[in-house]
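Chains as they are written, first to last, in numbering that gives the first Met the number 0: chain A, 0 to 208; chain B, 0 to 208.
Only true hints are included.
Because identical chains share one entry, a pair is satisfied inside a single copy or across any pair of copies.
Here are the simulated DSSO-like pairs of lysine-lysine, each with C-alpha atoms no more than 27 Å apart in a straight line:
id, residue 1, residue 2
1, Lys123, Lys159
2, Lys123, Lys149
3, Lys159, Lys174
4, Lys123, Lys110
5, Lys123, Lys65
6, Lys9, Lys84
7, Lys149, Lys65
Hints in this document: simulated from the structure, not taken from any laboratory.
Protein chains: 2
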Amino acid sequence: MSGSTSSPLKIGVLLSGSGTNLQAIIDRIEDGTLDASIELVVSSRPDAYGLKRAERHGLQTLTLSKEIYADPIMADEVIAAELKKHDVEYVIMAGYMRMVHAPILMLYPNKVVNLHPALLPSFKGAHAIQDAYDYGVKVTGVTVHFADDKYDCGPIIAQKALVVQEGWTVDELEKHIHAIEHTLYPNTIQLIAEGRVNVRDDGTVSISE
Amino acid sequence: MSGSTSSPLKIGVLLSGSGTNLQAIIDRIEDGTLDASIELVVSSRPDAYGLKRAERHGLQTLTLSKEIYADPIMADEVIAAELKKHDVEYVIMAGYMRMVHAPILMLYPNKVVNLHPALLPSFKGAHAIQDAYDYGVKVTGVTVHFADDKYDCGPIIAQKALVVQEGWTVDELEKHIHAIEHTLYPNTIQLIAEGRVNVRDDGTVSISE
Numbered sequence: 000m001s002g003s004t005s006s007p008l009k010i011g012v013l014l015s016g017s018g019t020n021l022q023a024i025i026d027r028i029e030d031g032t033l034d035a036s037i038e039l040v041v042s043s044r045p046d047a048y049g050l051k052r053a054e055r056h057g058l059q060t061l062t063l064s065k066e067i068y069a070d071p072i073m074a075d076e077v078i079a080a081e082l083k084k085h086d087v088e089y090v091i092m093a094g095y096m097r098m099v100h101a102p103i104l105m106l107y108p109n110k111v112v113n114l115h116p117a118l119l120p121s122f123k124g125a126h127a128i129q130d131a132y133d134y135g136v137k138v139t140g141v142t143v144h145f146a147d148d149k150y151d152c153g154p155i156i157a158q159k160a161l162v163v164q165e166g167w168t169v170d171e172l173e174k175h176i177h178a179i180e181h182t183l184y185p186n187t188i189q190l191i192a193e194g195r196v197n198v199r200d201d202g203t204v205s206i207s208e
Numbered sequence: 000m001s002g003s004t005s006s007p008l009k010i011g012v013l014l015s016g017s018g019t020n021l022q023a024i025i026d027r028i029e030d031g032t033l034d035a036s037i038e039l040v041v042s043s044r045p046d047a048y049g050l051k052r053a054e055r056h057g058l059q060t061l062t063l064s065k066e067i068y069a070d071p072i073m074a075d076e077v078i079a080a081e082l083k084k085h086d087v088e089y090v091i092m093a094g095y096m097r098m099v100h101a102p103i104l105m106l107y108p109n110k111v112v113n114l115h116p117a118l119l120p121s122f123k124g125a126h127a128i129q130d131a132y133d134y135g136v137k138v139t140g141v142t143v144h145f146a147d148d149k150y151d152c153g154p155i156i157a158q159k160a161l162v163v164q165e166g167w168t169v170d171e172l173e174k175h176i177h178a179i180e181h182t183l184y185p186n187t188i189q190l191i192a193e194g195r196v197n198v199r200d201d202g203t204v205s206i207s208e
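Can you build the whole structure from these sequences, using the hints too?
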């Protein structure tokens, strides 16, 4: 990989829950197929299991209290300062159940990456898998995109389709969506690490060879 | 195919333009892989090239004048009466640049089939391919669905994803979308002909074995 001659991409991971995508990123870093290093893990919830995963792998963590999060801009100022202090180059949202605001977005323009469990622009919002299932789509999938100041609206970096099999329960659909996430997300971060992801002037993303 | 012991599915085709999807259906009927017969082709425009294709294959055609179409409900009453007269069982919209209204929908509930050149519910409307291209999606596709009284909103029968390749022009995207249409649409009509397409009470579609 082209990153082999340069230093790993320094990332910060934002999460709120079990951290399965954090784990997928950690695993790919440890097996040498993702040229990144996790400089900081930020959790919006002190009881998030993702924090345990981070600590188990010796990663630095930051947990903000409910009181600080009560003012979203102030919270993001604190987070932005910590990301900067840790020399983070890209911010990876991994099950972070909050928006990122100007203090982070202005410090990391088109460098905050998010994952969505549907083929955007379909099924925005917090219940994408259930919504797609209820709609009865025959194809859904996963999107990796840059975050902006609107939910689920920034430039699309990568998408992967999933054929919904006849008779699947919503739980089965969810399991397959998550399996795609755990491959697509590290793969996409690796593209960024290789310097191959570029946002064009029109807001679309090109991937160079 | 299971239709081999029963009579072919009687369809009517509605079009407004060049009729490439009509041609795809005709070709599949003539090569024996689509167990349907086209009982009537309705064009909303007298100069539609699709009419020439229909006549070339000896199909009955109906063209309504602008004056009749000026009253959409009256136009659909005329069309519905003609479809019924020709014993049409399913109505196939194939580049028909108009909505179908109550007179047709009530005669053919969940039996009016439409094609959309995107993965619904993304990119509804008349410029789906361009809109998807401009949005910068990495995956788009084709949807076959039952029409209802809202644009591009009825139960989804089939979808097929298309990976947008780096560097494609919108014309290249369009070419690949149309190629998918010309396979997916006849395949889906064949599923209907085999009696395998069922709309559930919740408005989603199941395909039986």
